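**Q** Sequence:
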Amino acid sequence: MRLIVATHNQKKLKELERILAPLGVEPVTGEMVGIPLDEVEETGTTFEENAFLKADAACRQTGMPAVADDSGLMVDALQGRPGVYSARYAGEDATDADRIQKLLGELREVPAEQRTARFVSAICCVFPDGHTVTSRGECPGRIGYEPKGDNGFGYDPVFVVEGGRTYAELTAAEKDAVSHRGNALRLFSLRLQEDLKSKD
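Residues 1 to 200, numbered by my numbering, are exactly what the sequence shown covers, in order.
Hints listed in this document are in silico derivations from the structure and should not be mistaken for laboratory results. These numbers were taken from a predicted model, which means no experiment stands behind them. Yeah, the Cβ is synthetic: ideal placement off N, Cα and C, and Gly gets one too. Honestly, I wouldn't trust all of these hints.
Derived Cβ-Cβ restraints for the label pairs, each shown as a range [stated by the list, open to error]:
#, residue 1, residue 2, range
1, Glu41, Leu104, 22 to 30 angstroms
2, Met1, Glu41, 23 to 31 angstroms
3, Met1, Glu31, 13 to 21 angstroms
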């Protein structure tokens, strides 16, 4: 089964491929099937709403089942920010390093015990007949004081998980085992299997 993945983020696509491949699901991008996807304005106020907006638009444009992930970092000391604005936290053209520096700057005076946070991933698959399959995954952690590690992307170098390492210090397999997206995708894969069986 082929699913259009509504993302231009190649690292996110690789995560989806690793976790969905064992199900016999082949994630492909719009470019791979000759239909470059339009940019979708993420106007939702929740991760779930934004995931649906992206998947629905990709499904309508390609006529194929489409899956989208919307994810972000929620920091308790910042009342849940940056949340759904994680990618735009430091401005539209900011780099990952810019976003990390803004986050660390806002947390400069926050003590270790109050630097708790969680990564959240919402996944939505929209089918051409209009029905959806959704899931949500989270990973608890805390924000470190400086970037560590060379793997991953986004806020990974400052997100410290159980065991004391950042996402960026984990191997791909180690991250998949504990990450918000890994948790969301495992639940999504179960729900997708149930959905496909119900149509047999």
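**Q** For each hint, tell me whether it holds in the structure or not.
**A** Here is how each hint holds up against the structure:
| no. | hint | verdict |
| --- | --- | --- |
| 1 | Glu41 with Leu104: 22 to 30 angstroms | holds, 29 angstroms |
| 2 | Met1 with Glu41: 23 to 31 angstroms | holds, 29 angstroms |
| 3 | Met1 with Glu31: 13 to 21 angstroms | holds, 19 angstroms |
Violation of the numbered hints given earlier is absent; every hint is satisfied by the structure.
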